[in-house]
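Here is how the chains run, residue by residue.
There are 2 protein chains.
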Amino acid sequence: MVDIATRVHNHKWKIDPIVRSLIDTDFYKLLMCQSVFRNKRDTHVTFSLINRSTSVPLAKMIDEGELREQLDHVRSLSLTRGESTWMRGNMFYGKRQMFRPDFMEWFENLRLPAYHLERKGDQYELTFEGSWPEVMLWEIPALSILMELRGRAVLNRMGRFEMQILYARAMTKLWEKISRLRELEGLKIADFGTRRRHSYLWQDWCVQAMSEGLGDKFIGTSNCLIAMRDDLEAVGTNAHELPMVYSALAEGDEALRRAPYDVLADWQEEHSGNLRIILPDTYGTAGFLANAPDWLAGWTGIRIDSGDPATGAENAINWWKSRGEDPTEKLVIFSDGLDVAKIEELHRQFSGRVRVSFGWGTLLTNDFRGLVKDDALAPFSLVCKAVSAEGRPTVKLSDNPEKAMGPASEIARYKRVFGVGEQERMAVVV
Amino acid sequence: MVDIATRVHNHKWKIDPIVRSLIDTDFYKLLMCQSVFRNKRDTHVTFSLINRSTSVPLAKMIDEGELREQLDHVRSLSLTRGESTWMRGNMFYGKRQMFRPDFMEWFENLRLPAYHLERKGDQYELTFEGSWPEVMLWEIPALSILMELRGRAVLNRMGRFEMQILYARAMTKLWEKISRLRELEGLKIADFGTRRRHSYLWQDWCVQAMSEGLGDKFIGTSNCLIAMRDDLEAVGTNAHELPMVYSALAEGDEALRRAPYDVLADWQEEHSGNLRIILPDTYGTAGFLANAPDWLAGWTGIRIDSGDPATGAENAINWWKSRGEDPTEKLVIFSDGLDVAKIEELHRQFSGRVRVSFGWGTLLTNDFRGLVKDDALAPFSLVCKAVSAEGRPTVKLSDNPEKAMGPASEIARYKRVFGVGEQERMAVVV
Numbered sequence: 000m001v002d003i004a005t006r007v008h009n010h011k012w013k014i015d016p017i018v019r020s021l022i023d024t025d026f027y028k029l030l031m032c033q034s035v036f037r038n039k040r041d042t043h044v045t046f047s048l049i050n051r052s053t054s055v056p057l058a059k060m061i062d063e064g065e066l067r068e069q070l071d072h073v074r075s076l077s078l079t080r081g082e083s084t085w086m087r088g089n090m091f092y093g094k095r096q097m098f099r100p101d102f103m104e105w106f107e108n109l110r111l112p113a114y115h116l117e118r119k120g121d122q123y124e125l126t127f128e129g130s131w132p133e134v135m136l137w138e139i140p141a142l143s144i145l146m147e148l149r150g151r152a153v154l155n156r157m158g159r160f161e162m163q164i165l166y167a168r169a170m171t172k173l174w175e176k177i178s179r180l181r182e183l184e185g186l187k188i189a190d191f192g193t194r195r196r197h198s199y200l201w202q203d204w205c206v207q208a209m210s211e212g213l214g215d216k217f218i219g220t221s222n223c224l225i226a227m228r229d230d231l232e233a234v235g236t237n238a239h240e241l242p243m244v245y246s247a248l249a250e251g252d253e254a255l256r257r258a259p260y261d262v263l264a265d266w267q268e269e270h271s272g273n274l275r276i277i278l279p280d281t282y283g284t285a286g287f288l289a290n291a292p293d294w295l296a297g298w299t300g301i302r303i304d305s306g307d308p309a310t311g312a313e314n315a316i317n318w319w320k321s322r323g324e325d326p327t328e329k330l331v332i333f334s335d336g337l338d339v340a341k342i343e344e345l346h347r348q349f350s351g352r353v354r355v356s357f358g359w360g361t362l363l364t365n366d367f368r369g370l371v372k373d374d375a376l377a378p379f380s381l382v383c384k385a386v387s388a389e390g391r392p393t394v395k396l397s398d399n400p401e402k403a404m405g406p407a408s409e410i411a412r413y414k415r416v417f418g419v420g421e422q423e424r425m426a427v428v429v
Numbered sequence: 000m001v002d003i004a005t006r007v008h009n010h011k012w013k014i015d016p017i018v019r020s021l022i023d024t025d026f027y028k029l030l031m032c033q034s035v036f037r038n039k040r041d042t043h044v045t046f047s048l049i050n051r052s053t054s055v056p057l058a059k060m061i062d063e064g065e066l067r068e069q070l071d072h073v074r075s076l077s078l079t080r081g082e083s084t085w086m087r088g089n090m091f092y093g094k095r096q097m098f099r100p101d102f103m104e105w106f107e108n109l110r111l112p113a114y115h116l117e118r119k120g121d122q123y124e125l126t127f128e129g130s131w132p133e134v135m136l137w138e139i140p141a142l143s144i145l146m147e148l149r150g151r152a153v154l155n156r157m158g159r160f161e162m163q164i165l166y167a168r169a170m171t172k173l174w175e176k177i178s179r180l181r182e183l184e185g186l187k188i189a190d191f192g193t194r195r196r197h198s199y200l201w202q203d204w205c206v207q208a209m210s211e212g213l214g215d216k217f218i219g220t221s222n223c224l225i226a227m228r229d230d231l232e233a234v235g236t237n238a239h240e241l242p243m244v245y246s247a248l249a250e251g252d253e254a255l256r257r258a259p260y261d262v263l264a265d266w267q268e269e270h271s272g273n274l275r276i277i278l279p280d281t282y283g284t285a286g287f288l289a290n291a292p293d294w295l296a297g298w299t300g301i302r303i304d305s306g307d308p309a310t311g312a313e314n315a316i317n318w319w320k321s322r323g324e325d326p327t328e329k330l331v332i333f334s335d336g337l338d339v340a341k342i343e344e345l346h347r348q349f350s351g352r353v354r355v356s357f358g359w360g361t362l363l364t365n366d367f368r369g370l371v372k373d374d375a376l377a378p379f380s381l382v383c384k385a386v387s388a389e390g391r392p393t394v395k396l397s398d399n400p401e402k403a404m405g406p407a408s409e410i411a412r413y414k415r416v417f418g419v420g421e422q423e424r425m426a427v428v429v
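Residue numbers (numbering that gives the first Met the number 0), protein chains in the order written: chain W, 0 to 429; chain X, 0 to 429.
Source of the hints: derived by calculation from the structure; they are not laboratory data. Do not rely on the hints blindly, as some may be mistaken.
Which copy is meant is left open, because identical chains are indistinguishable; a pair holds if it fits in one copy or across any two.
As the list claims (entries may be wrong) - Quick list of in silico lysine-lysine cross-link-like pairs, DSS-like style, CA-CA up to 30 Å:
id: 1; residue 1: Lys372; residue 2: Lys187
id: 2; residue 1: Lys119; residue 2: Lys39
id: 3; residue 1: Lys372; residue 2: Lys216
id: 4; residue 1: Lys59; residue 2: Lys94
id: 5; residue 1: Lys59; residue 2: Lys39
id: 6; residue 1: Lys341; residue 2: Lys372
id: 7; residue 1: Lys59; residue 2: Lys384
id: 8; residue 1: Lys216; residue 2: Lys13
id: 9; residue 1: Lys119; residue 2: Lys11
Pulled out of the complex, with its shape left as it was, chain W reads as follows:
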C-alpha cells in the first residue's frame, strides 16, 4: 500500500540530498573540532579538495549545477535537537559529556561557511576558507558528495533490475568478506568508511550487515549519524590535520619540530584511555617516535595510516619496549587501505603481541570494483585537506611519498627538520 504523504513529500524534493545531517560525519572530526574550538578557534585556514585519481574526470561526469545544489544543501543544515541531545547526553568511549556545553552551544548555531567552486579542465577546484573549526567540518560532506555524485552519474544509465543486481552483487561481495572475518578469533573492527562511501544508504547497510555478521567483533562506526540511529558506538580519535595546521603555524624550525608533540599535549589535557592514540606518520613515523617525549609512550596506542603496516606495527612495538612499556597492553589500530586479506594477515601476525584493532574504510563502504563496465564505480583517491593556515602552506609527508602534500620547498624543509630520509613508495589504493 502506498503511503501517499510520503510519496507526495518525496515528489516535492528539489534534490535528493546526499548529506542530510551535520553529524553525517566522522566522530573524530567532532572531537578534533572541539579541540580546535578550544585551542585554535580563530585560526584562518583553507581546505581544498584534491582528486589524486586524475584518470577520473569528475567535472565531465558531474554536473556543476547538481554539485552546487548538494553543497548548498549542506550549508542549509543545522544540528537538530535530537542530534544535539545525543551529542550532549550519549556516552562516548565510556565518558559522559564528552562534548562540553560551550562547544555544543557554538555547534548548535553553526552553519557551514561558503565554498568556492571552479571547473579546471576535467576537474573541479573546490576550496573552503574561514575559521578552522568551521571549515574543517566541510571535509567529510564534500568528499561524500563528490563520491556519491560520481556514483549516481554511472547508476543513472542503468535499468531497474540491472541496478538491483548491482547491489545484490555488492552485498554478496561484502557478506563474503564478513564471513571470512567472522573466522578471526578475537577480531575487533570498526567502520571508518564515511568519507569515500558509495552512499549514505549503502554505508548504513554495510554497517548493519557487519553488526549482524560479526556480533561483538564489530566495535562501532566512525559515522555519528549511523551510530546514533543504529545505537552503535561512535569511534575515532584524531587525524593529520591537527599536526599539519599546528606545524604550519610554527615560527621557525625549532617550533616546527615541537609542533606534532604540542598537538598531543593539548589532546592529553582533554582525553584519556582509548582516545589517547598516537598518529605518528604525518612527518615520518621513525623520527616521530625516536624524538617523542616519554609521556607519549604512556599513551594507550598508535594508529598506522601509511607505509607498510606490519613494519609500522613492529616499529611501534620496539619503541614501546625501548621506553619500558609492555606492548601487550598497547593498542595498534590499522586504518590504511585495508581489505580482508590484509586484515587476516595483520591479525595473524600481531594478535597476542599487542591489542589489535582495525578501522576499515573504503573497501568496506565502497567496494564496487569489478561490478560495472570499465570499472566505472571503483573507488578512487579523493581527499580534502587543510592546505594553508594563516596564509602559510601546510605539509604532509606520511610514510609513503605518494601521499606527500605541500609545496616542494616546504616539503624539503620539513624533511630536513624531521630527519626524513629515503622512503618506500607504495601505490595508494584508495
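Given the coordinates of chain W, work out where chain X should sit on it, guided by the hints.
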C-alpha cells in the same frame, strides 16, 4: 515513513497467505478447466500430491497446522471482480472472450472443494476429490503452498542480513542466466514456473527481471495473476491430465487407443492458432505420432515435455515431413527440466529448422541450488496429478519411465495398447 494503516493491517493477518488469488495459477489450467467444464463437467476425479523426492521429509519440515491454514485460506478465495473482468475482457492469444460467459459465471461462484490431508511417516498424503473442473484447480495452489512452506521452514532459521544475501545471490544467479540468454538471436521464452516456484514474490521478481533483461525475447508468463498485474501475456495450452482422464474413462482397449486423440478433437473445436499445440508424450511420443490422424499434423506445434528433447524435436520434424507439412512453419515448445545451457543448445540446434520456443519452469523460479547449507532450498520433484476418474486409476507413461505413474497392471496394459517398447531412463531434475 511508516504507513500505519498498512502495518496495522499486516499485524491483523492470521497467516501470511501463500496463495492470494484463484488466478494465481497457470493459464493452461483455466483453459483446460473450461474445456472440461464444457465436455466432462460431471466426471468424478481424485487428484493426489506426490513427492517424488522422498529424501525431502515434508511432514518433518512443515507443521500440519500451518499447512491446513494455507489450504483453508485457498478455500476461502473467490474470483474478484477485477480478475473476472480481466478474464472476460482481456485478449489471450489474439482472441477476445476466450473464456465464455457460462464458464465465467460458474467460475465466479466457485470455491475450491474440501481436501483430505493425512500424515504418512515423513510425508503428507494430500488428496482432492470431486467434480473434475473443481478439483483440477487445486493442483497449482497445492504445489506452490508445499514448495513455499518448505522454503519458509529453511528461511525461518536465518538472520535478516543473511537472508538478504541469500536473495542477493539468487538474483545475481538469475541475472547471469538472463545475460546469457540475451545473446541468443531470435529467442522466444516464457515463464512456466508457477507450480514449483520459491514463492509468489520471487516468481514475480523473476518475471519482471526477465522482462527487463530480455525485452521482446520474453513472451509471457503462465501465471495469470502476474500476467494481469504486470500487463504481460498469459501463456500455456494443455497438459497431461486431459488424456489421462479421458483414457481412464475409456471403455476397452480400442476406446483407450482413441482417447488421446479424442482430447485433441474436443480441443480443436474450441481453439485455433498457437493454442493448437500437441502434447504427445503421455503414452509415448513415437506411437502417438505414428498413429495420429492427419488433421493433427495440421496443428501449429508440439510441446516436448519428457525424454531427450533434441530427439523429441527431430522425431516431430520427421513426422511433419512424412505428413507433407513444412517444419519451418511449425512451433516446437521445449518445457522439460530446462536451464540455460540446455536452452542454448536446443536453440542452436533447432533455430531456422522449426519455430522454437521455451517454457522455462523450476530453474527459472526456484534455483536456490548451492545457496544454503546442505542445499536445503534446492527445488525438488513434487507433482499433483489426477490419480483416478470415476473410480478407475489413471496412467501416465511419458517418454521417461522415471516419470511413469499408475498401478503396475494398468501401466502394462497401456504399454501394450499404445505399443510402447523399451524407453531410455533419464534422471528427473525437477
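Now for the hints, and whether the structure bears them out:
no., hint, result
1, Lys372 with Lys187, "between (35 Å within a copy, 27 Å between copies)"
2, Lys119 with Lys39, "neither (32 Å within a copy, 80 Å between copies)"
3, Lys372 with Lys216, "between (35 Å within a copy, 23 Å between copies)"
4, Lys59 with Lys94, "neither (47 Å within a copy, 52 Å between copies)"
5, Lys59 with Lys39, "neither (38 Å within a copy, 70 Å between copies)"
6, Lys341 with Lys372, "both (27 Å within a copy, 28 Å between copies)"
7, Lys59 with Lys384, "within (23 Å within a copy, 62 Å between copies)"
8, Lys216 with Lys13, "neither (41 Å within a copy, 38 Å between copies)"
9, Lys119 with Lys11, "neither (33 Å within a copy, 60 Å between copies)"
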